[in-house]
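J.: Numbering-wise, the sequence shown is residues 85 to 501 according to my numbering.
For the record, the hints were derived by calculation from the structure and aren't laboratory data. There may be inaccurate statements among the hints.
To be verified - With a cut-off of at most 25 Å between alpha-carbon atoms, the simulated PhoX-like pairs for lysine-lysine come out as follows:
id: 1; residue 1: K223; residue 2: K113
id: 2; residue 1: K360; residue 2: K310
id: 3; residue 1: K166; residue 2: K153
id: 4; residue 1: K376; residue 2: K360
Unchecked claim - Simulated DEER-style distance windows between Cβ atoms:
id: 5; residue 1: R111; residue 2: E357; range: 45 to 51 Å
id: 6; residue 1: A262; residue 2: S298; range: 53 to 59 Å
id: 7; residue 1: I420; residue 2: E229; range: 23 to 29 Å
id: 8; residue 1: A336; residue 2: T148; range: 49 to 55 Å
id: 9; residue 1: E369; residue 2: R338; range: 26 to 32 Å
id: 10; residue 1: R189; residue 2: V441; range: 23 to 29 Å
id: 11; residue 1: P265; residue 2: P416; range: 34 to 40 Å
id: 12; residue 1: P344; residue 2: S173; range: 29 to 35 Å
id: 13; residue 1: E399; residue 2: S257; range: 39 to 45 Å
id: 14; residue 1: R182; residue 2: E357; range: 34 to 40 Å
id: 15; residue 1: S257; residue 2: R111; range: 26 to 32 Å
id: 16; residue 1: A150; residue 2: E314; range: 25 to 31 Å
id: 17; residue 1: A448; residue 2: P416; range: 30 to 36 Å
id: 18; residue 1: A150; residue 2: D333; range: 47 to 53 Å
Quick reminder that beta carbons are idealized off the backbone N, C-alpha and C, glycines included.
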Amino acid sequence: MTQVDSSPVETSTGAGTRQEGGCAEGRGKVGVVLLNLGGPERIQDVGPFLYNLFADPEIIRLPTPALQKPLAWLISTLRSGKSREAYRSIGGGSPLRRITEQQARELQSVLRQRGLEATTYVAMRYWHPFTESAVSDMKADGIHEVVVLPLYPHFSISTSGSSFRELQRLRQSDPDFAHLPIRCIRSYYDHPGYVNAMAGLIERQVAACPDPASAHVFFSAHGVPKSYVEEAGDPYQQEIEACAALIMDRLAERLGHRNPFTLAYQSRVGPVEWLKPYTDEALHELGEQGVKDLVVVPISFVSEHIETLEEIDIEYREIATESGITNFRRVPALDIDPTFISGLADLVQQSMAGPEVNLDQAAALSTTVKLYPQDKWAWGWNNSSEVWNGRLAMVGFSAFLLELLSGRGPLHAIGLL
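Assemble the whole structure, with the sequences as input and the hints as a guide.
T.: So, in structure tokens, the structure goes:
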């Protein structure tokens with residue numbers, strides 16, 4: 085169920101008053117939609133979740149839509165075994181839905197205490213509760229206007245952008261949803277609520293180091309292909325870099341000294357180059373430089389999930405230890421940190437005080453160059469290579485199907501099938 089319990093919450097303001105950020109009580113029912121990725125809650129959900137992820141044309145674009153689902157099935161089949169093991173290592177499923185619903189409840193409570201008749205809804209992109217459920221619940225509740233709030237502080241075409249486009253698709257096909265005024269919050273990497281919340285969590289971990297002044301702060305952000313930035317104009321890298329600098333400035337104010345820091349990118353997949361430096365390589369380099377005290381910050385993640393609990397806590401901790409880093413401290417994700425939740429409430433109120441920002445505006449890029457047009461192959465660099473990549477993909481997919489049918493081949497030999 086996507087809707088957070090909408091039982092009345094006692095408000096602290098009188099009717100018609102305007103709170104900080106400009107929202108007045110009595111303007112009607114407001115639906116606040118929290119966008120997130122989603123994650124498998126059980127081991128048996130891993131394969132279908134991966135299929136949904138790779139079936140999204142914003143993740144992989146192909147020369148013809150007919151190939152999208154077969155390729156998504158292929159990739160999810162090949163990756164599901166390793167992914168299941170990763171989820172088993174953190175208890176058998178993702179905590180993302182539980183935490184996101186907690187964030188939604190806390191945000192709803194704060195907004196109502198400020199006098200706003202708001203109900204929060206969770207809209208996951210690739211697993212339950214899906215975006216369609218949030219839209220259905222809002223219509224059933226008689227919502228009068230909508231605020232869309234991504235739980236991605238930094239905009240990227242593959243995260244917030246994909247979710248905005250999914251909402252727009254639903255809006256175009258549903259007249260009842262289409263007539264509702266809508267305001268979208270594109271990103272908030274530089275918002276004081278987010279920056280202060282992050283600095284506060286980092287401060288506690290730095291202060292716990294043997295020598296706080298020399299502790300090395302290591303930001304690890306989810307990576308994206310380099311071409312997203314260079315060819316499509318995705319602002320993700322710029323927002324991540326600016327955000328890390330703002331957090332370090334705020335941290336220095338709180339600690340009274342400046343710590344050295346590194347920004348790296350994790351979770352790369354596929355054959356193309358992603359944003360660098362890569363987290364694993366950067367950890368090796370810091371170990372070679374003699375860094376001993378490392379405070380790792382999951383900068384682009386506001387909730388604990390597989391990439392913090394398994395990738396950082398297990399995989400990268402092991403790499404750091406092998407590289408000679410003796411004190412590996414990981415800053416927890418924001419989850420329901422009060423400063424963070426209060427900042428989200430400020431964002432909602434500030435959005436409502438301003439003009440409508442529709443889904444197309446929120447998803448727009450500053451450049452007219454499209455990353456991978458829908459009619460072209462996602463891994464190509466020019467027209468010729470796109471054609472050949474498409475042909476190679478079809479050959480590879482045909483070989484895979486043949487191996488599945490025959491029960492023999494290289495994938496069976498190395499244990500993937």
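J.: Give me the numbers of the hints this structure contradicts, sorted from smallest to largest.
T.: Structure breaks no hint.
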